[in-house]
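Student: Residue strings, one per chain:
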Amino acid sequence: MKKRTKTIIAVIAGAAILIGGIWMINESRYPNVPAFDDHFTREFLNKDKKVDDGFYEFKSKTGQYTMWFPEEYQVLHKYREDYTRNGESYENWSASYTKLYKNNKLMYSINAKFSENDTESESIYMESLFKEQLDVKKPEKLETSNTRIYYDYAYTYFRGTNQHIVHDSKKHTPNIYVAYVADKESDKVIELIYDSVGENAESNQMDRKTWFLTMLKSINFSEGKSHE
Amino acid sequence: MNEKPILSNNIRNKITQLEYSGLSGKEKEIKKIYKEATGENPPNFKIYTSEEMGIGIKSGFDGAAIHFYDKKYNVNEVYYVFRGTEPSKDFGDVIYDALGIGAGKNNEQINDAEKMYEQVETKIKGSNGKVTRYGDGHSLGGHLIVTLGLIKKNFKDIRALNDAPVNLKQLERLDPKFALYVSRREHDKNVSPGKLVNLANTYYKKQKATISHTWVKGEPMHAQSFPGSWYAGNKVTMLGDLDTEEMINIGKYPFQKEAKWNPVYMIDQFRYNLGVKTTLGGLGFVNDHVKQQTLLNLSETRDQYLESVKRYPFLHFGEIKAGIGVGAVVMVNAFTSPGATFQLIKGISQSKQAKLHGINYVVKYTEANAMKTYYQVFDSGSQEEILLEYEQMKKFVYYCANAIKDKVANLNALKQYLHSEINEVFEAKKKKVKMKISREEASPQSFMEKADKDSATLAWFGQKRVAEKVTFDKTFDPLDDSVFTPVEEIISSIQEEVTYYQKFLEAFFQNFGKMMEADESVASDIKSMKEVIGRI
Amino acid sequence: MFDFDFTHTGTTSGKYTFEFDGDDFKDEQAKRIKELIKKDQEVNEKLWHAKSYLENQTGEFADAVKSKLEAAERGYTLRAQQYDTGAFQHIMSFMHSVTDMHKREYEIRYKESMDESELT
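Chains as they are written, first to last, in this note's numbering: chain C, 181 to 408; chain D, 6 to 541; chain S, 104 to 223.
Calculated from the structure, these hints are not laboratory results.
Among the hints, a few may not be true.
[Said to hold, decoys possible] Simulated pairs of lysine-lysine, DSBU-like, Cα-Cα distance not exceeding 30 Å:
hint, chain 1, residue 1, chain 2, residue 2
1, C, Lys397, C, Lys350
2, S, Lys129, D, Lys437
3, S, Lys137, D, Lys399
4, C, Lys317, D, Lys157
5, C, Lys318, D, Lys211
6, D, Lys469, S, Lys171
7, D, Lys77, D, Lys9
8, D, Lys535, C, Lys241
9, S, Lys169, D, Lys377
10, D, Lys441, S, Lys214
11, C, Lys258, D, Lys532
12, D, Lys535, S, Lys142
13, D, Lys437, S, Lys169
14, D, Lys33, D, Lys76
15, S, Lys129, D, Lys532
16, D, Lys434, S, Lys134
17, S, Lys214, D, Lys532
18, C, Lys321, D, Lys455
19, S, Lys137, D, Lys420
Every value quoted in this text rests on a predicted model; they were computed, and no experiment measured them.
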């Protein structure tokens, strides 16, 4: 009896060590960046596809698009409302990244909303986005071979519940960037908003703009059923 | 622009009801509804539907907008009307859909609502002058229209009927401006729903004032406490038979301080105060007519829960295993996985009262004017939001004002007594005495005989006295001060009381007015009340 | 013989009390002032009853309003006593004043004579 018990314990212990070891090894196969540290974010990313310095390829769970995802960020999922998806037609995710700078907490966030907006009404939806978020009528526009990209940015702050938006980037470094990216071949659209919180959160305007545009230009919509 | 909407609440309810069969091509029906209610033809209008726009196919969103536009008569109003789940489904299915609030499909519905809104707004932009926006939604449609109103921030008023609440976390994710406000204030992207309530109440203060909820007493939806739910708005109108008991709440019972699932605001407590029956994990701990004190006194209700655990341990097995604090999480997880609560959902849907959720009851009771209105206002005393029964407050004010008026009138009567009556009585008595004096003076002999018998007849030497003249002292002293002083003191004391009550009413008005100032129609109502009462 | 003049005039004075029912007067006046005081009390009761409109009202504001009314109600007991006492004092004083008013001083001028025929 005693010997049997000892064996059982030994087997269980061994198995535990083995499982633990496999787990650890498994973990170490992942890149050592915040995006992969988080199990939920990991599900979207391809660990073998570091597409650029600081980005990994992100594949939407709708299967409708891929884009470059900044490695310091993690997709929010503490509450069920943080990440939502409806089949292949809608997806809403947010990601954030915080760091300490001289005892100040700096917070960076991205919110992405994927949906299908009929192309004929593109100007309606696009203009409404920029009017509401940045109080701007005509954003900047650029094109890639697959997408039309509208974007703009500004500096914003709150006085109580009143939001103030400053467009002159010479006066203030922008801390909110908004984009509307439309697929040339279908009705697929992504609305992307980036913002930062904290003094000195934005160190270099040009770098930030470049970084933002990099993400936008990386958006690639999948082919296939798009019109109903 | 007119102050009041051209469509009354009755008409709006009926149009919301009509929307369930779609509003496409329903111009005749809408004209009929309007004419029956007002006796006139409506101004020119155009109907826009999500169906016609090809919006909502994948999400199931179904909404319409009616734009009333008549340049000549200065009419420019648009009514957005959103419907909820298929009316043919029973309430169990409605709840099942409601459990999906905050999930992908529902988010896409809100996205589609925004798209429809943007399309409609573009189409009606050509109209002259500023357009006034109104919104109506029943059940899940109520949740949609309120959420849309909060995001767009430019509706004049929104009426949510037997509505499912807003989901705070969902709102944070769908309104980027709110999310921005939250992250700037909290430096946190994972703010709990409990904390979000406070932030939402501040951030959406203006929009809140435009939102009202209309609930049929006893209908099941508003009795549920979905996680992170928020009934945004300042006004609740209860319809129907106010003695009807409220329905079972399949959500979390808010007795644990740690539980942040239920908003702390009074509008939620109010729902419980109406006598909401609650169940714990859907397994039978039912609390009939929980008193407000019980609910607010969390430790007391905790004891009740512990009692139930002791008596029916098998009902709480899961929680006991996990420890009571964690048990809350377990129950919530059970709640958010619809399958686990399906039995209970069925129980609710089979209840006779579930039918009260239907739009027909909203229409019926509004028409019958069977209603009571409550306003959620900021209580100056406790510095918290409270639910004010406006009509009762009004009655209170009029009642007090009338009583004070009576008191002042009576006080004046007393003053009259003091300054005139006393002297009048005295003068009257004086006059009588003077008359009597005259009479006596006219017959001195008979007077002497009765007044001074002894001196009238002097038997001494047989002499007799004959009165020639009698003169009375006709100087009358005035009434002594001691007659007046006590009355003066009484008057002075009553005057003190009057001043006390007048000041009391004044202070009441100030506070009452301040509490209601967010609601324009009420604020002006109070103003005219003041004028009627004639104070200040 | 001696011609004695036994006719002479004189005066006599005194105080005469005209008939007056003091108790009757007292009761009547008491009725009057007590009626006025009672009316005031009734109005007060009406005011205190106002709190019933706030029965279902929550919040500290409503509570403060109710307690103000309750404080007035409590304070009234003392006032009511004072009114009773004051009314009594007023009545008694009034009655005494009016009663006194009925006691008038008089002076009679008379003629006296032995001979009745002298007296007319």
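Student: Find the hints from earlier in the document that the structure breaks and name them by number, from lowest to highest.
Tutor: 3, 6, 8, 11, 13, 15, 17 and 18
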